[in-house]
Amino acid sequence: MIDMETANQNEREVKEKVTDKLEEIVKHGDKFLPFSRYFGDCRIFKDVYTHWHKEMECIYIRRGRGTFQINKATVVGREGDLILIEKEAIHHIRSSRRDILHFESIVFDLKMMQCVIEDLCQIAFVEPLIKKKVTFNPIVRTGDDGYQEISQAFFYILKIYQEKEAYYYVALKAALFQFFYQLLRGGYMEMAQEEETRQIEAIKMVLDYIHAHYSESITAKEMADMVHYSEYHFMKLFKVYTGKTLISYINEYRIERSKYELLKTNQTIDEIADQVGFCTTSYYIQLFQRIEGVTPNKFRKEQVLEGIHS
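Here the UniProt record's numbering is used: the first residue of the sequence shown is 1, the next is one more, and so on.
In case anyone wonders, no lab produced these hints; they're calculated from the structure.
Treat the hints with care, as some may be off.
[Claimed, not checked] Derived lysine to any residue pairs resembling SDA-like cross-links, with alpha carbons at most 20 Å apart:
# : residue 1 : residue 2
1 : K204      : V240
2 : K221      : D208
3 : K31       : M112
Working from the sequences, and respecting the hints, build out all of it.
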């Protein structure tokens, strides 16, 4: 059973980290145990913007429904489903607005599974996994072959990490191997293709640039030149991996960043629009309302009132 007080506390902690820094540079665990558990609540921020991180992530949907774009794949996850996000995968999450997504996830560095001795397990499985030579079927649905064994292995990982009994770090590592063993048995992993790996690296570089320079002018030609693709080919690739055009992604990311400023600061709407990169306040307000369904001012007031009454 999930302790909801702990869940709410974890939700706040995650939001604070995302508020201050881009998600992909949040530290998950530490060098001795690079493993963390998180709870996600999409009531306010219904999108987790397209990003990537060096760790693998496994998400269990507690309730609700959401669309997950992971590299080229787009899947709809529902209560009970498991989502597999390989290390450095480009991914984006969008909650259903009617059936709000609530989830918990584990994020961990695959290097914690390394062995000093190069035995068969290390050579045939761990090394290819760490070097991104393995890809995952992104979703394990309730009712799929192997779901029961895979989900049980996942919940056992959560149990070990939550209870933290003596020598739990030994049990945790063993449980991760059991989890991957069940994924292998179920056919949820296969060898990656080299060209796809190159494409992913290019899109990751562009996303990193956008996240660092979103308040500046960014053109498709500049991004295409940076990753050594033609502008036409780059735009096709960007749409495939993010589900959006370049300008749509930049503008939606600016809107997400503006929501943090609306909640964190007392800056005026004009100041926030300028800070996140919009040329005019009127366009910012128009786009915000189109995406969020309310104006920036109303969004701010609603969240303040919700905070007072919660």
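Outcome of the hint check:
1. K204 to V240: Roughly 13 Å separates the two Cα atoms, so the pair holds.
2. K221 to D208: Given that 20 Å is the threshold and the Cα spacing comes to 16 Å, the pair holds.
3. K31 to M112: Holds, at roughly 9 Å.
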